[in-house]
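A.B. asks: If you read the sequences in order, they're chains P and A. My numbering numbers the first residue of the first sequence as 141 and each following residue consecutively. My numbering numbers the first residue of the second sequence as 10 and each following residue consecutively.
These aren't lab readings, by the way, just hints derived from the structure by calculation. Do not take every clue at face value.
To be verified - To spell it out: a stretch of chain A is covered by chain P in this simulated footprint if at least three of its residues, at any positions, have a beta carbon under 8 Å from a beta carbon of chain P; those stretches are:
{"id": "1", "stretch": "127-137"}
{"id": "2", "stretch": "165-178"}
{"id": "3", "stretch": "222-233"}
{"id": "4", "stretch": "409-421"}
Think of the CB as a built atom: it goes at the ideal place given N, C-alpha and C, for glycine as much as any other residue.
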Amino acid sequence: MMVNFDLATVWAFIIAFAVLMYVVMDGFDLGIGILFPFYRPGAERDQAMNAIAPVWDGNETWLVLGGGGLFAAFPLAYAIVLPATYPLMIAMLLGLVFRGVAFEFRWRDPRHQRFWDRAFFAGSLVAAMAQGMTLGALLQGVHVEGRAYAGGWLDWLSPYSLLTGAGVVVGYALLGACWLAIKVEGDAQTRAFRHARAAALATLLAMAAVSLATPFLGQQYFARWFHMPLLIALAPVPVATVSVAVLLWRALGRREEWPPFLYALALFGLGAIGLGVSMWPYVVPQSVTIWQAAAPERSQVFMLIGVGLVMPLILAYTGWAYWVFRGKVGEHGYH
Amino acid sequence: MFSGFDATVLARMQFAFTVSFHFIFPAFSIGLASYLAVLEGLWLKTGKALYLDLFRYWLKIFAVAFAMGVVSGLVMSYQFGTNWSVFSDKAGGVIGPLMAYEVLTAFFLEAGFLGVMLFGMGRVGKGLHFAATLMVALGTFISAFWILSVNSWMQTPTGYEIGPGGQFLPGPSWAAIIFNPSFPYRLVHTVIAAYLTTALAVGAVGAWHLLRDRQNAHARKMFSMAMWMAALVAPVQIFAGDAHGLNTLEHQPAKVMAMEGHYQSHPHGAPLYLFGIPDDRTQTLRYAIAIPKASSLILKHDPDAPLAGLDTIAPDKRPPVWIVFWSFRVMVGLGFAMLGLGLWSLFARARKKLYDWPWLHRAALVMGPSGFVAVIAGWVTTEVGRQPYTVYGLLTTAESRSPIAAPAVAASLLAFILVYCAVFGIGVWYILKLMNQGAHPHETGPEQDERAPIRSAGITPGPHQHAAIEEMGEDSGAGAVT
């Protein structure tokens, strides 16, 4: 597994970065949506909403960058993956419609607030499940002929993709619960820690199940992971995952505020490394490599200039926006 | 429900439906973001609380419209891949980077500063808050810049090379791609349209409240500002539209033939059809009412200039005339009605009757939605008029489509129709409710709604923050409301 840092590789890392940014940032606000039914109607739900209202839109923009970036840098992959996961994409987008408008609508119409709370929950759940299943559908491989998807429109549905879907749902719930533990106090925080523990357990189980199932999807994954000397080089990944899991569990038990969220981020980061190792150098696993899918060099260079100039600014003002809304979401003022 | 259609027609219906619905929100938020920046700027400059009230009032409406724009826009960024994957594969190398630049330079800018704009007034200084508002307004404009460049390239492609697999590849100059021949015209025409649309919506809200109470200071200010905008910008828009039309005649003559209803060529000066029922089957315009030679006069500045008709275009390369002919007339008709309203308001202003002329207010109220209708009609004209191509003259719509079977496209189209009509219908209802409430002295911002006094808080607990915001308003605008 050689990595030459040519343009396509650089772009593969940029897209991976955008997707990971999306997963962890929208992950925690989707996670709060997934846990929404467990919060008490009224002040507690308001607080949970307030913990993400100023930042959700920015978080979701990373999804547009992931999709738009894939379109721009690897148009062939975009042209194959979206038809291959068509119903999942439509479900995800409609889910995001419901949860996105709920942020505004639940305040505009107090009489129907319960309805929009349910829409917020259902939209978040559907979007997370669809994203997880898309990942599974990709890893299990899609049927490509020539330059197009050639499979049926339900090929994505399998026990494996259901497993990855469930894994992403509980993973997002973990991020959401950890974020909420930072933003709230008192009873609500106690509940957030409880949710985080349950979600952490479920996430670790899902990670273990996916890790065990993936090598048996195809020879390529098996050979990649269980082959000397890569086996030794990769050994730190599972070891680190177990260590982070232990640290996360202890931090939750001690009711520490920031560490659980950071450990949860680390878990996602390690998961991403595992995925990268499995997929490399394919962008559509087992059929299209990043070089086959790459946009013309001129396109990739032109965009690289934009990323180089603008990305530091984006990170700076996004960081500033988070800083402005730092600290606890007060419970005062709701009466 | 859609069993009679093939997959290409269904995919086109899906794109047309989702993009038309989406376009309503940015057409409003581009103009409204700038209006909010003007209001906040005036507040900072004059210290009058009236401007702060108006700012906070329209900010609440902006928040709802913006949320709908974001989620419907997200759908658009995936439509290219779900239903038009062959187009994405072929054109991605050219238009993909432009769309990536839109995300990097516009979407992040809007989203990054929106939170501070909506909920941050009690947390950052006035200057920083104003800067955030400006950044959001700038973001909406940059977004229009890139996406209209993409659209214009599809209409008038330049600066590309064709690769061995039939892919469009960028040529040596990105400027030749970005600043393609129709882009400057389309950008100016569309951005002005967004400003006019917002002005008419704001004017209608002002008019509605003036009809209830002519002394309402907030309604007066809104109405006056909106009518200035309509009076000054509507004539500019008519000129910009004319220039855009001439540009289209040069690059996409078949579109103009459809707009004009010119099935036949006119070697000795073409008539301007005011009315008619296009019949594509017989290639005739029935019940036509025409001004002789006027079309040649407008398009060629010579009444006797020859104008080619659709009979010079191969039958399978002609756009459907009926839709283009009528959507164009709706847009132009509304444009002149906007001009009329603007002139009426100038006349009323000169006679000092701007706030005391109920018929003017009723007219402004009726014209409230006209901007949205005109924007959609204009969009339909340009998009249907460039059929049967996605990349004009080079890649047909039928070739561009994904290998998705008709039932799947039909099912997703139905889902979009149901969800959009329900969700965005309710959203528009909430906006109308807010508009009906009107702006008041001591208007609260979105961060201090009754049920949601603090949308996100931190170092300052709720009541303090609340008080801090109130204080800012009081300080700067003491006694300014009359």
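A.B. asks: If you look at each residue in the stretch 222-233 of chain A, do at least three have a Cβ nearer than 8 Å to any Cβ of chain P?
C.D. replies: violated (count 0)
A.B. asks: Go check the stretch 409-421 of chain A versus chain P for me, would you? Three or more residues, Cβ under 8 Å, otherwise it fails.
C.D. replies: Three-residue rule met by the stretch 409-421 of chain A, so holds; n is 6.
A.B. asks: If you count the residues of the stretch 165-178 of chain A with a beta-carbon closer than 8 Å to a beta-carbon of chain P, do you get 3 or more?
C.D. replies: holds (count 4)
A.B. asks: Can you take a look at whether the stretch 127-137 of chain A is actually covered by chain P? Rule is 3+ residues, C-beta closer than 8 Å.
C.D. replies: That given contact holds, which follows from 5 residues of the stretch 127-137 of chain A lying within Cβ reach (below 8 Å) of chain P.
Checked against the numbered hints given earlier, the structure breaks only hint 3 and satisfies all the rest.
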